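For this one, chain A is given, so just place chain B on it according to the hints.
Just so you know, the protein sequences line up as chains A and B, in that order. For the first sequence, this note's numbering assigns the number 1 to the initial residue and increments by one for each residue that follows. For the second sequence, this note's numbering assigns the number 1 to the initial residue and increments by one for each residue that follows.
To be clear, the hints were calculated from the coordinates, so they are not data collected in a lab. Note that the structure is a prediction, hence the values are computed from the model and not measured. Hints may contain errors.
Dumping the calculated EDC-like pairs for lysine to aspartate or glutamate here, alpha-carbon to alpha-carbon at most 16 Å [said to hold, decoys possible]:
| # | chain 1 | residue 1 | chain 2 | residue 2 |
| --- | --- | --- | --- | --- |
| 1 | B | K141 | B | D114 |
| 2 | A | K343 | A | E307 |
| 3 | A | K314 | A | E347 |
| 4 | A | K44 | B | D31 |
| 5 | A | K234 | A | E208 |
| 6 | A | K393 | B | E45 |
| 7 | B | K12 | B | E120 |
| 8 | B | K24 | A | E74 |
| 9 | A | K244 | A | E58 |
A few chain B residues that don't get close to chain A, going by computed Cβ distances all over 12 Å [unchecked claim]:
| # | residue |
| --- | --- |
| 10 | E50 |
| 11 | G57 |
| 12 | P108 |
| 13 | E120 |
| 14 | N131 |
| 15 | T138 |
Computed list of chain B residues with no C-beta within reach of chain A, every gap over 10 Å [to be verified]:
| # | residue |
| --- | --- |
| 16 | D19 |
| 17 | K32 |
| 18 | G42 |
| 19 | G70 |
| 20 | G85 |
| 21 | L97 |
| 22 | D123 |
| 23 | E124 |
| 24 | N128 |
| 25 | I129 |
| 26 | K135 |
| 27 | A156 |
| 28 | A157 |
C-beta: ideal position from N, C-alpha, C; glycine also.
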Amino acid sequence: MAMTITEKIMAFNSGRDSVVPGQLVWVDVHTVMTMDYLGKQCFKAFESLGSKTLFDKERVICVSDHLVPPPTPEYATMLNEWREIVKSYDIPFFYDLGRQGIAHQIMVEQGHVLPGKISIGTDSHANTYGAVGAVGNAIGVTDAAIAMATGKCWFRVPESVKFHITGTWQPWVMAKDLSLHVMGMMHWNGHLIYKALEYCGPAIDALEIAGRMTLCNMTVDLGAKNGIIAPDAKTEAYLKPVQKGNWEMIASDADAKYDAVYEIDVTNLGPTISRPDKLDDTVPVEKLIGTKFNKAFVGTCTNGRTEDFAIMAKILDGKKVHRDVNMICIPASQDIYLECIQKGYFEILVKAGVAIETPSCGPCAGIHTGVAGDGDIMLSAGNRNMKGRMGSKNAQIYLTSPAVVAASAIKGEITDPRSEKW
Amino acid sequence: MAIITGKAWVAKTYVMSFDMIIQKFWTSPIDKEENSKWVMAGVAEEFNKENGFKDFGYTFIVAGHNFAGGGKSIEHCVTGLMGAGIKAVFATSFARLQFRNATNYGMPFITSRDMNLDCETGDELEYNIENGEIKNLTNGKVFTSVPVAPFVAEVAAAGGLMNFIRAKIADGSIANLH
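Same shape as in the complex, but just chain A:
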């Protein structure tokens, strides 16, 4: 029977030859991720189930990302409790402050997510794992605890929707622009809710893993159950030095059934911006040229990767961030931080007047490191712009790509990165 990649993964990891959308299956999970602010609850819930040992301690991945470095004594205490419990289970893969990164970045870059397998995490952007051909899914404490004990998780097999992406990427146009374009195109009409969103086509093949992560990451914000891109030679090369386990190539069958198929040609796609409060209220950058803002931010599990800072360094090389703009950049992991230092990107950014912070979710989680205050207008390369998401409810958040943030930061107003030769 013809199946999509998501259906195959659900079938093969539940000991079946095939599945159909709507079917309820208990799957074997490859890895379970939890992090600082829910992790302790996960271990406590696990203990309450009556099982003494984890299903596989090498496949329970623990990360400190939301609360590091701790901004308050209360969070510092919570982190201490979190460390105690992780230590007590002798978890080998514990990415704590000093080795930290945003959980989803860590899961992919450290090889804890593999093509054809299912990984779950207690944070909504676990969809990111689809970038390397895995089913990545966000779950709560209950599901995490049960998977920690049994290695299993229940799923309703989703219908699949295909986005076939063709054409040539134009200079200064990024995967983020496609993400936001799709957001605006689909709106919150409910069409993608609970579905598997599969990106494919020549323009996807052309993307590196970083861009694929951006795309899959934001499928959760379209309401999708998962976002996925079939593994290819790039995936293989990316994973080879880091992968924790073996995997095989997997792809949708040519005659697999889709709930819908959309065609998008990126040749005509330009920089895109989501206006404050509603993710699906997206417009081409041209419509907002000249809009003033006072805060700029690039980081997060959506856009905190080396490629993102590389494009910003190209734009900001020898330039200065406008005096009315406070700009923060946060690399998504220590590995990215180091790479950006070694490649000179952060030297350029610091000289331009950008504050670089240590890897964490930062203000995107609305907790610390540059949260928005009353009246702030923020230009962000993060993933959510609802009222209050990044701090004050009386702040406005425009979402866009790192290229738009960098070009705009120089002028202090929204600028098309294609308008100058950087």
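Same frame as chain A, now just chain B:
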């Protein structure tokens, strides 16, 4: 109990998970009674006090698209509503993460399209769990909903997924989950 009746609160805009449970409670222990005291505090000013939402005595919530969206895997949104006496939420669509959490707690999150357009806060509703029919007793309108899947009903009957799994670990049938 196949029929539930009670008063509804109707959402006029998106309801976000991070407003249902405001930041200072994101890390609180999961406890229906405790979580209910401040549930919905960030959704409307009138709910922003201790028992602010709970004291209205609503039985149902009616909402449009993407109920409990905006990320946040916290389960307090669901346990808080349960502790506040909410017996079912009807929405055009749910953010899937909280839909999943609701399923795991045996809390009915029921998909019923555009009900929010034909209901007002304070309306008296009657929900028939068996056939999925919802009557607005205040204005006489009737709505249909997607019936609860067998697995969801089974989990609810067990008192939530944790109890469901505990029983299976205890009797050794956990390996049969398929």
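Checked hints:
Distance check on the hinted pair: K141 of chain B and D114 of chain B sit about 12 Å apart at the alpha-carbon level, within 16 Å; holds. Only pairs whose Cα atoms come within 16 Å are accepted, and K343 of chain A paired with E307 of chain A is accepted, the gap being roughly 11 Å. Between the alpha carbons of K314 of chain A and E347 of chain A the distance comes to roughly 12 Å, so the proposed pair stays at or under 16 Å and holds. For the proposed pair K44 of chain A and D31 of chain B, the alpha carbon gap of about 13 Å is at most 16 Å, so the pair holds.
Restraint check: the Cα-Cα separation between K234 of chain A and E208 of chain A comes to about 7 Å, which is no more than 16 Å; the hinted pair holds. A C-alpha spacing of about 12 Å is found between K393 of chain A and E45 of chain B, which places the hinted pair at or below 16 Å, so the restraint holds. A C-alpha spacing of about 9 Å is found between K12 of chain B and E120 of chain B, which places the hinted pair at or below 16 Å, so the restraint holds. About 11 Å separates the Cα atoms of K24 of chain B and E74 of chain A, which keeps this hinted pair within 16 Å; it holds.
Restraint check for K244 of chain A and E58 of chain A: the C-alpha separation of about 9 Å stays at or below 16 Å, so the hint holds. Even its closest Cβ contact with chain A, about 20 Å, leaves E50 of chain B beyond 12 Å, as expected for a residue assigned away from the interface. At roughly 27 Å from the closest C-beta of chain A, the C-beta of G57 of chain B stays outside 12 Å, upholding its exclusion from the interface. Listed as a non-interface residue, P108 of chain B keeps its Cβ farther than 12 Å from every Cβ of chain A; the least gap is roughly 16 Å.
At roughly 22 Å from the closest C-beta of chain A, the C-beta of E120 of chain B stays outside 12 Å, upholding its exclusion from the interface. At roughly 20 Å, the least C-beta separation between N131 of chain B and chain A is larger than 12 Å, which holds for a residue marked as non-interface. Taking the minimum C-beta to C-beta distance to chain A, about 26 Å, the non-interface status of T138 of chain B holds against the 12 Å cut. With a cut of 10 Å on Cβ distances, D19 of chain B falls inside the contact zone with chain A, its closest approach being about 7 Å.
With a least CB separation of 14 Å from chain A, K32 of chain B remains clear of the 10 Å interface cut-off, as annotated. Against the 10 Å criterion, G42 of chain B falls within the reach of chain A, whose nearest CB is about 7 Å from its own CB. At roughly 5 Å, the least C-beta separation between G70 of chain B and chain A is not larger than 10 Å, which violates its mark as non-interface. The Cβ of G85 of chain B lies farther than 10 Å from every Cβ of chain A, with a closest approach of about 21 Å, so its non-interface assignment holds.
For L97 of chain B, the shortest C-beta to C-beta distance to chain A comes to about 5 Å, within the 10 Å cut-off, and the non-interface label is violated. No beta-carbon of chain A is positioned within 10 Å of the beta-carbon of D123 of chain B; the least distance is around 23 Å. With a least beta-carbon separation of about 27 Å from chain A, E124 of chain B lies farther than 10 Å from that chain, consistent with its non-interface assignment. Consistency note on N128 of chain B: stated as away from chain A, and its beta-carbon is indeed over 10 Å from all of that chain's, at 23 Å minimum.
Once the 10 Å rule is applied to beta carbons, I129 of chain B is consistent with being away from chain A; the minimum gap is 20 Å. Distance check on K135 of chain B: its Cβ is at least 24 Å (rounded) from any Cβ of chain A, clearing the 10 Å threshold; non-interface status holds. For A156 of chain B, the requirement that its beta carbon stay farther than 10 Å from each beta carbon of chain A is met, with the minimum near 13 Å. For A157 of chain B, the requirement that its beta carbon stay farther than 10 Å from each beta carbon of chain A is met, with the minimum near 16 Å.
Violated hints for the displayed structure, listed by number in ascending order: 16, 18, 19 and 21.
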